[in-house]
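Trainee: Chain order of the listed sequences is A and B. If you want my numbering, it's the 1-based position in the first sequence plus 599. If you want my numbering, it's the 1-based position in the second sequence plus 22.
Some clues are possibly wrong.
As the list claims (entries may be wrong) - Within a straight-line C-alpha distance of at most 30 Å, the following computed DSSO-like cross-link-like pairs (lysine-lysine) qualify:
| hint | chain 1 | residue 1 | chain 2 | residue 2 |
| --- | --- | --- | --- | --- |
| 1 | B | K77 | A | K832 |
| 2 | A | K896 | A | K1046 |
| 3 | B | K77 | B | K236 |
| 4 | B | K28 | B | K84 |
| 5 | B | K77 | B | K215 |
| 6 | A | K755 | B | K215 |
| 7 | B | K350 | B | K215 |
| 8 | A | K930 | B | K236 |
| 9 | A | K832 | A | K892 |
Treat the hints as calculated values from the structure; they're not laboratory data.
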Amino acid sequence: MKDTAEQVIDRSAKTVVSFFVASAGLWLLAAALLAYVAAAKLTDPFFLSSCEFLTYGKVKVAQANAFVYGWGGNSIFAATLWILARLSQVEVRGRVMLLFSGVLWNLAISFGLLGILDGHMNAHEMLEMPTVVWPVLFISYAIIAFLALVIHRSRKHNDTIAPQWFILASLIWFPALFLIAWNGLEINPARGTLPSVLSLWFGQSLIWLWLTPMALGAAYYIIPTILGRAIDKYYLAIFGFWCIAALAPWSVVHHLEGGPVPMWIPAIGTVMSIAMIFPIAVASTNFHATAFKDIDKVWNNLPLRFVIFGTISYTLSSYIGVIFSLPDVAKLTQFSIINEFHFNQRVYGFFSMIIFGVVYHMLPHITGKEISKGAKSFHFWTSAFGVLILLLAYLIGGLTHGVLAQQPSLDWSSSVISSVQPYFKITKYAFIILGFSQLVFVINVWKVIFPNPFACCLASSSERKGKTA
Amino acid sequence: MNNIFKFSFGILTTLAFAWLAFVVGANLQYGDLSPEAENLEDDDSREPDAELFPKDMPGLAKQGAEEYLALGCVSCHTQQVRLFTTKDSEGKSIVEGGMDVERGWGKRASMARDYVLQDHVMLGNTRIGPDLANFGMTEKDNDWLHRHLFEPQSLVPDSICPPSPFLYEVSDDPRDGSIAIPSHEDHGDERQKSRYVVPSIRANRIVAYLKALKQDYELPELPFVQAKEEKSDTNATETKGIPDWIRYPVPSSALEDLSSQMSAGKEVYTKIGPGGGGCVTCHQPTGLGLPIAFPPLAGSDWVKGDKERLIKISLFGLTGEIEVNGVKFNGAMPAPGIPLGSLTDQQIADVLTFVRNSWGNSASAVSPSEVSEVRASIKDRAPTQMWTAAELTSHSKPAQ
């Protein structure tokens, strides 16, 4: 029997995508462990306090970097390559180069994180990895992005659709942002607080212009593919896309409200943040109007359930983000742990949940093996529950933190921070739940990618069990 | 949309606009900021010999910035004081949200100019710990800082700041240059006995950096926050742990009064001989007293609490059993001064202000007029009649 065109494409993508998914999973676990250590250190300052490599500040930063570059980067590569290849109907080419760059990317992050833990951190948000690994990160990314663009350029149909716009934009924006930040922070550094403005802009844009479009593009692909129906009000998608392109780079700087920077910067950020309701409404309409026509199917199909959880989370988090960018609210919550709420909401509740769905949809196609429904379901419920607890704790804790911090009569540690302590405890438990959930995900994924070692392990262990019994 | 080059051009253009504004635009506006005099003449020129601010940090402090960065302190500590102002009907700007200043984190908002000489600007975005932009203004001495760096919980029991024991050499006995760490009971057995630490060079760098963090000068673009006219009664709003002078924005003259009171008070505290108080002989330079014999002043509610009680003790002395920081002492303290009881109102005010704001204590200053009021109220008391703890606790209002 001759293979269908899809099967040929899937086979061409198998090695590369499996590599990226497998390494993304390992980074996810590393980030989960670091997240737990950081949360535990907030509840007990003496936890691992004698170890200089694991101060709270270093662990926190390493966790964010492992999460965004390790898990985010690898999973973006996997999803980008597969979705672009499928949409272009061409095979993935340059596999050796892709694998080579993938290894480089992961090595660079590993050295970067070790550098952070060893005390060579930079003062730039989301670019804390030592400057020496930046060129490696950039080159490996450039090779992968180039080969992804080659796939797109050799596509069979000239017309492009929404998932391609978003994914390509994410692919191109990251190196542009990276170069801008590199130039402004290291090559031609400005003085005073200007690098802080730039690094804050970079750190936030990374989420808005790299992770967000990727996840939106994946949702635009997965929802119609699985449901077998066109996106409702698809003509709005192009408007939503250009709104994000035009507004998002401006909207992220409202975090500087009242800070020692030019006053128009946070002001412009606030205005643009409010304008972001348009693209959010577009994406939300597109996804949810389509999904809710066939809600039974969404519920019963786990990859789709993950994706829809992510899109709902996107809508909610973005609207909440708009509220928190209003100057009066921003003054209150600016320096509180509400920042953790925003980060985890976007990177976990939205981006990661969609990527989980993509991976669960993609792997059976490329490996030909099914992942057991129970395991996926367990992963979904623990993730959904864990992230909900985590976000609620950060939201309520953040509001408490922000409001109490505005009362000069309250002593800092014995009143303000003590009142936030219970929420730190809750986040610690939430990170344990999420850690288990992510472990299940990684086992699910590794089992289908590397079926043999697991099979023989299981066989030998069951043999041993049989013998002892 | 179908041509990848046009598409890339489009999405990079939108990004380029933001880059032009935030990077190029902001740089054109602020990029040539340089140190400036505190006040400018009407034509924006400065006096020829005016002192310029901000000043460059000492070399040790610059190295400290590297250590501060490497340890990730910026994850919990911001270095930016915010101040929100609105214009009233006459166009005069009034402060509406000065909680950072009221908390004592600075005397004005931080401005871009404050940071132009720093190699690593660490504004930070989360305050799990207090803001440190003006930490150098808090008059904490090096020993306090080292104790806090080694183990914050020894000074601030509720602190969740992680200890940094790896910056210190720890021993059970005092050594040359070692600093005593107060024992505390909440955090494990090994912390109940006294320990002594010798700071490493890295710890000294960090301390130098923290002490160098201050925006204690005015800038032409922004003067200090002026005292509010209806400054409220300090006693009514006095709050544990935050000295009045720093909680309420005060003109710099009041700040000078305080620092002169602190230095005069230190002299009274340490001087043994005529004109001095000789307090140091029993309460020790560390303010920790000696176990069993002499109660500590550091962290003591007797010191940080009610001023009247404290003034009474300073005038007549104290005898009998007294409980300080949960430990009972039984001894006698004569009225300080050599000869006994000879300190003036000013000296008592100075030394009390000093002990209330040293070794981690921070409470409101004591003024000479407060001392003379108390002295007048008990003028019939026999000069040799020392107070007892019970008498003071029942007579005076409870410690705030």
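Trainee: Holds or violated: K755 (chain A) with K215 (chain B), Cα cutoff 30 Å?
Mentor: 77 Å, violated
Trainee: Is K930 (chain A) close enough to K236 (chain B), meaning Cα to Cα at most 30 Å?
Mentor: 23 Å, holds
Trainee: Regarding the pair K350 (chain B) and K215 (chain B), is the alpha-carbon distance no greater than 30 Å?
Mentor: 17 Å, holds
Trainee: Do the alpha carbons of K896 (chain A) and K1046 (chain A) lie within 30 Å of each other, as the hint requires?
Mentor: Holds: K896 (chain A) and K1046 (chain A) sit about 26 Å apart, inside 30 Å.
Trainee: If you draw a straight line from the CA of K832 (chain A) to the CA of K892 (chain A), is it 30 Å or shorter?
Mentor: Within the cut-off at roughly 13 Å; holds.
Trainee: Does the alpha-carbon distance linking K28 (chain B) and K84 (chain B) stay inside the 30 Å limit?
Mentor: Distance ~48 Å between K28 (chain B) and K84 (chain B) Cα, so the pair is violated.
Trainee: Given the hinted pair K77 (chain B) and K215 (chain B), is their alpha-carbon gap at most 30 Å?
Mentor: Outside the cut-off at roughly 42 Å; violated.
Trainee: For a C-alpha distance cap of 30 Å, please report whether K77 (chain B) and K832 (chain A) respect it.
Mentor: Given pair K77 (chain B), K832 (chain A) is violated - Cα atoms ~60 Å apart, limit 30 Å.
Trainee: Are the Cα positions of K77 (chain B) and K236 (chain B) separated by 30 Å at most?
Mentor: Judged against 30 Å, a Cα distance of about 10 Å means the pair holds.
Hint compliance for this structure: hints 1, 4, 5 and 6 are not met, and every other hint is.
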